[in-house]
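A.B. asks: Heads up: the protein sequence lines correspond to chains A and B, in order.
Just so you know, we're using our numbering here: the first sequence kicks off at 7 and counts up by one.
Just so you know, we're using our numbering here: the second sequence kicks off at 546 and counts up by one.
Some clues are possibly wrong.
One side of the interface only, derived from the structure: several residues of chain A facing chain B at Cβ under 7 Å [claimed, not checked]:
| # | residue |
| --- | --- |
| 1 | 24 |
| 2 | 49 |
| 3 | 50 |
| 4 | 55 |
| 5 | 105 |
| 6 | 108 |
| 7 | 110 |
To be clear, the hints were calculated from the coordinates, so they are not data collected in a lab.
Virtual Cβ for every residue (Gly too), placed ideally from N, Cα, C.
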Amino acid sequence: AQSVTQLGSHVSVSEGALVLLRCNYSSSVPPYLFWYVQYPNQGLQLLLKYTSAATLVKGINGFEAEFKKSETSFHLTKPSAHMSDAAEYFCAVSRVGTALIFGKGTTLSVSS
Amino acid sequence: DAGVIQSPRHEVTEMGQEVTLRCKPISGHDYLFWYRQTMMRGLELLIYFNNNVPIDDSGMPEDRFSAKMPNASFSTLKIQPSEPRDSAVYFCASSFYANEQFFGPGTRLTVL
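I would like the entire structure built from these sequences, with the hints used as guidance.
C.D. replies: Laid out in structure tokens, this is it:
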């Protein structure tokens with residue numbers, strides 16, 4: 007069975023600081039991994055995805071994530087936070103042709 | 546492309562009433578997913594279709610919930626009778642094989 011664990015339901019950073027959102031997955035087969043962002047009262051928007059190509063994946067808005075099989079992790083990072091990054095972030099795992107299994111989400115707050 | 550379209554965006558109804566949520570997936574996508582989001586339970590998969598055929602409905606809470614996909618461009622999620630605990634945001638998402646799911650804006654359902 008597949009599962010996702012997001013460590014930390016709430017992360018707070020200052021504007022300009024490094025953003026690190028943690029995600030660990032469990033999967034018996036090579037997974038597809040995703041990060042989605044949800045702004046208030048909106049649907050989920052894909053930030054980036056890993057589908058067994060390059061282990062370092064670059065996404066939109068300056069975010070990137072690194073797939074580490076040995077650590078079963080897929081942490082999301084951004085070198086410098088911006089106020090507009092404040093949102094809820096979801097890590098998800100799936101196999102081909104199946105539904106996404108989401109983590110509980112991490113709320114990112116950015117202070118000036 | 547207009548993206549995934551959901552209607553209505555907001556629905557307020559009284560307990561016991563029938564509620565129908567609608568979704569138009571992105572043209573050409575062969576998978577359609579229904580999710581529910583609540584504060585308590587996070588994002589939950591309810592059901593998904595492949596080529597209009599239901600593949601996994603194990604997430605449907607109970608017999609009061611039903612979903613149909615009569616053609617490739619339309620799906621409905623029906624709750625009858627509705628209960629206050631059904632209050633949530635319901636998302637529809639679609640994808641083409643490769644698991645990059647595109648989400649609609651959601652329907653916020655309030656059952657009084």
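A.B. asks: Quick one: which hint numbers does this structure break? Sort them smallest to largest.
C.D. replies: The structure breaks only hint 1.
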